[in-house]
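A.B. asks: Can you build the whole structure from these sequences, using the hints too?
Top line first, the protein sequences correspond to chains A and B. Mapping of the first sequence onto the UniProt record's numbering: residues 1 to 274, in sequence order. Mapping of the second sequence onto the UniProt record's numbering: residues 1 to 274, in sequence order.
Note that these hints are calculated values from the structure, not bench results. Keep in mind that this is a model prediction, so the values were computed, not measured. Please note that the accuracy of each hint is not assured.
Result set (DMTMM-like, lysine to aspartate or glutamate): computed pairs, CA atoms no more than 25 Å apart in a straight line [to be verified]:
hint, chain 1, residue 1, chain 2, residue 2
1, B, K183, B, E212
2, A, K103, A, D205
3, B, K183, A, D55
4, A, K37, B, D51
5, B, K48, A, E36
Protein chains: 2
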Amino acid sequence: MTELERSIIARVRVEPGENVSLRERDPRDSRLFGEEKGTKSATAALAKEIDALQDRLYAEGSRALLVILQGTDTSGKDGTIRNVFNATGPLGVSVTPFGVPSKAEQAHDYLWRVHAACPRRGTIGIFNRSHYESVLVEKVRNLSSPELIEQRYDQINAFEKHLVENGTTILKFLLHISKDEQKERLQERLNDPRKHWKFNPGDLDDRTHWDEYQDAYDIMLQRCSTPHAPWHVIPADRKWVRNATIATIVKATLEEMDPQYPKAQWKPGAFTIS
Amino acid sequence: MTELERSIIARVRVEPGENVSLRERDPRDSRLFGEEKGTKSATAALAKEIDALQDRLYAEGSRALLVILQGTDTSGKDGTIRNVFNATGPLGVSVTPFGVPSKAEQAHDYLWRVHAACPRRGTIGIFNRSHYESVLVEKVRNLSSPELIEQRYDQINAFEKHLVENGTTILKFLLHISKDEQKERLQERLNDPRKHWKFNPGDLDDRTHWDEYQDAYDIMLQRCSTPHAPWHVIPADRKWVRNATIATIVKATLEEMDPQYPKAQWKPGAFTIS
Numbered sequence: 001m002t003e004l005e006r007s008i009i010a011r012v013r014v015e016p017g018e019n020v021s022l023r024e025r026d027p028r029d030s031r032l033f034g035e036e037k038g039t040k041s042a043t044a045a046l047a048k049e050i051d052a053l054q055d056r057l058y059a060e061g062s063r064a065l066l067v068i069l070q071g072t073d074t075s076g077k078d079g080t081i082r083n084v085f086n087a088t089g090p091l092g093v094s095v096t097p098f099g100v101p102s103k104a105e106q107a108h109d110y111l112w113r114v115h116a117a118c119p120r121r122g123t124i125g126i127f128n129r130s131h132y133e134s135v136l137v138e139k140v141r142n143l144s145s146p147e148l149i150e151q152r153y154d155q156i157n158a159f160e161k162h163l164v165e166n167g168t169t170i171l172k173f174l175l176h177i178s179k180d181e182q183k184e185r186l187q188e189r190l191n192d193p194r195k196h197w198k199f200n201p202g203d204l205d206d207r208t209h210w211d212e213y214q215d216a217y218d219i220m221l222q223r224c225s226t227p228h229a230p231w232h233v234i235p236a237d238r239k240w241v242r243n244a245t246i247a248t249i250v251k252a253t254l255e256e257m258d259p260q261y262p263k264a265q266w267k268p269g270a271f272t273i274s
Numbered sequence: 001m002t003e004l005e006r007s008i009i010a011r012v013r014v015e016p017g018e019n020v021s022l023r024e025r026d027p028r029d030s031r032l033f034g035e036e037k038g039t040k041s042a043t044a045a046l047a048k049e050i051d052a053l054q055d056r057l058y059a060e061g062s063r064a065l066l067v068i069l070q071g072t073d074t075s076g077k078d079g080t081i082r083n084v085f086n087a088t089g090p091l092g093v094s095v096t097p098f099g100v101p102s103k104a105e106q107a108h109d110y111l112w113r114v115h116a117a118c119p120r121r122g123t124i125g126i127f128n129r130s131h132y133e134s135v136l137v138e139k140v141r142n143l144s145s146p147e148l149i150e151q152r153y154d155q156i157n158a159f160e161k162h163l164v165e166n167g168t169t170i171l172k173f174l175l176h177i178s179k180d181e182q183k184e185r186l187q188e189r190l191n192d193p194r195k196h197w198k199f200n201p202g203d204l205d206d207r208t209h210w211d212e213y214q215d216a217y218d219i220m221l222q223r224c225s226t227p228h229a230p231w232h233v234i235p236a237d238r239k240w241v242r243n244a245t246i247a248t249i250v251k252a253t254l255e256e257m258d259p260q261y262p263k264a265q266w267k268p269g270a271f272t273i274s
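C.D. replies: In structure tokens form, the structure reads like this:
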């Protein structure tokens with residue numbers, strides 16, 4: 001891992017037990033990167049490196065990487081997937097969006113559908129929202145009792161530990177945008193007919209709960225950034241900074257995993273093809 | 001659809017009821033394309049168009065495209081996914097490989113796991129092998145009785161008709177390679193340590209059944225190329241011809257589907273973002 005990678009990670013990673021507050025983290029922070037154009041080219045290059053590393057992960061076939069994206073509406077979860085993982089293509093990468101649970105899903109515990117969607121060995125799984133909704137929207141909207149929600153932080157930590165111990169590396173990214181930036185992005189969806197489909201009037205209602213969501217994020221970060229599955233708070237007001245930061249961490253993590261083309265269990269000379 | 005697209009499709013599409021024989025189809029056919037370099041650039045451009053069309057399909061959210069890839073070992077199923085769909089990225093595209101059914105899958109009918117993996121609305125699903133294995137390997141290896149296999153062609157047609165009537169467009173591609181070409185590609189896997197993991201000694205055993213597989217493909221093509229879900233025999237000895245042909249058909253099909261950004265159900269002026 002390079003010094004630059006190390007310092008980018010150190011800046012955004014939430015240390016276990018850290019008393020993190022989103023209000024003290026600048027969503028427009030771009031200090032670790034140069035100017036926009038060069039950073040965008042560097043991100044495109046990182047995306048290709050991620051592709052090459054994913055090839056090796058796929059060939060190795062024994063471990064997986066789970067990338068969890070959380071963030072308020074318009075924070076750029078889809079855009080992150082497009083920019084960081086587009087060069088990686090669909091072979092060996094799966095994306096699972098988690099919306100309001102269906103009736104069938106509600107008939108199970110909240111981790112049931114999540115476990116079912118976890119990436120198979122050799123692949124990268126990307127969660128667009130995740131089990132963390134159970135301590136975010138469910139908390140803010142009082143959809144579950146405080147007692148149940150209180151239990152969930154530890155349950156989630158135990159679940160993620162289980163995944164990690166069984167061969168899945170986990171990276172969690174909270175896309176951190178300002179309330180002003182959200183306003184601009186929502187307005188853009190209203191103004192641009194091509195973006196109308198992305199506008200959901202319900203988002204405005206969620207926006208009135210902005211502060212409560214920020215508080216819920218803080219608790220989630222404090223309770224669930226663990227040594228085995230760390231949270232990262234990504235400055236996301238600038239899309240190019242967001243993409244560069246996440247691409248850097250994903251690439252460095254895959255490099256640390258260092259997947260290997262498996263050695264043949266046979267001797268090449270043993271076969272003749274007729 | 002352009003004249004060129006029409007003629008490419010006409011050349012490789014299997015007409016319903018056509019008495020097709022793979023032995024009469026040239027796996028090295030490249031007549032419809034110019035020279036290699038220009039064709040490769042054109043394919044890369046098509047991949048970007050597919051990406052743009054997929055964006056609209058995703059926004060529309062009401063229909064799906066299912067791409068089924070079949071072909072003998074080394075015929076290039078993974079390579080097709082890489083080259084035709086890499087620009088499309090993982091958002092809105094899922095790849096499902098079908099291997100030997102697990103015990104749990106075998107406890108259900110052979111279409112059960114297939115139905116479960118069908119693409120959700122707004123997305124492209126790619127099957128790397130598919131339910132057709134139930135009339136290919138199971139036929140050649142006598143894993144199911146002739147009576148059961150005989151029933152399956154009609155069952156598969158009915159299943160696919162159901163999918164089409166419920167909003168999924170289906171394209172089926174048989175990657176057609178020669179026995180000589182397979183020999184070269186298997187040898188390459190033995191020679192190149194980076195490809196060792198792709199070599200499966202069992203493939204050599206399948207190779208000894210080459211003619212029986214070709215016969216099973218012929219019957220599958222004759223029985224299951226339907227107006228609603230046509231088969232295409234793709235000349236696949238040359239990878240660039242294979243990629244160009246499939247990219248052309250996928251792009252033309254998505255263009256015919258003509259997905260639309262949904263119209264807003266509200267008036268933009270109705271909302272103020274505070």
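A.B. asks: Decide, hint by hint, whether the structure agrees.
C.D. replies: Now for the hints, and whether the structure bears them out:
no., hint, verdict
1, B:K183 / B:E212, "17 Å, holds"
2, A:K103 / A:D205, "23 Å, holds"
3, B:K183 / A:D55, "24 Å, holds"
4, A:K37 / B:D51, "23 Å, holds"
5, B:K48 / A:E36, "24 Å, holds"
Of the numbered hints listed earlier, not one is contradicted by the structure.
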